[in-house]
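With the hints as constraints, model all of the structure from the sequences given.
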Amino acid sequence: MLPLADRRILVTRARGQASALAAQLETLGATAILIPAIELARPPFYDALDAALRSLGSFDWAIFTSSNAVQALVDRAQVLGLTPRARRIAAIGPATAKSVVDTGIANAVDLIPSQAVAESLAEALRPHAPGATMLLVRAAVARDVLPEALVAAGATVTIAEAYRTVIPGKSVDAIRALFESRPPDAITFTSASTAQNLVALLAAASVTLPAGIVLASIGPITSQAMRELNLEPSVQAREASVAALATALAEWFTP
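In terms of this note's numbering, the sequence shown opens at residue 1 and continues consecutively.
The hints are simulated quantities; they were obtained by calculation from the structure and are not laboratory data.
Take the hints with a grain of salt, since some may be wrong.
[To be verified] The following label-pair restraints were derived from C-beta to C-beta distances:
#, residue 1, residue 2, range
1, Ser19, Ser181, 22 to 28 Å
2, Leu209, Leu34, 14 to 20 Å
3, Tyr46, Met1, 48 to 54 Å
4, Met1, Lys98, 30 to 36 Å
5, Gly212, Arg85, 48 to 54 Å
Values in this document were obtained by computation on a predicted structure and should not be read as measured data.
Each residue gets a CB set at the ideal place from its N, CA and C atoms; glycine is no exception.
Dropping the structure here:
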């Protein structure tokens, strides 16, 4: 029998990203329930992103902390009639690096840290920081660990907000119906934003999590955000990837 057979697992990623995690879980026998706690939306203003796109080749480094940031930059470039090409690119992890190559921003990524977290990316970029100009493409609301570390190391950092995250309106009814009928066995959390937005989603739906439900975190930063919201992770992936998260859940439910 597959390790997640008969397990119903809630996937809270944005709709465009949920399929990869759902596929991993279903391969292990689970029934994946997709209710996004996050929806991507346009940033409040495009000024910084537009300026960055028009001068992308002048930066020593372009830094991407998510596949969403890559896609948002490419989408905006198409609107402006520009072809984005960067001199050197740093990506927070393999999935983001793949997005860079797939979208044609570059043929390869120059730097990927050993762990897909901002702290690890900052450490990997630190030797390149003195005197360098760096463009950080990210969400409108994000932690400042990375830019602060790079500025402290001697870089000039320009931040371009490429998108923002909001709570999907349709998810309120969906989450209420799910927990009123048959709650899932586990919930996955793939970022601090998914944790924050799920709490807001549950509150909007007047839903309280039942005791004993398994809360699965993709990594330490997400786990920290969960704890700040009084959501104690039951299980944490060994590395920040959807494959590792699915494996961690399979191990949890294996007798």
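Consistency of the hints with the structure:
1. Ser19 x Ser181: 22 to 28 Å: Since the Cβ atoms of serine 19 and serine 181 sit about 23 Å apart, the hinted range of 22 to 28 Å holds.
2. Leu209 x Leu34: 14 to 20 Å: 18 Å, holds
3. Tyr46 x Met1: 48 to 54 Å: 51 Å, holds
4. Met1 x Lys98: 30 to 36 Å: 33 Å, holds
5. Gly212 x Arg85: 48 to 54 Å: Given about 51 Å between the Cβ atoms, the range holds.
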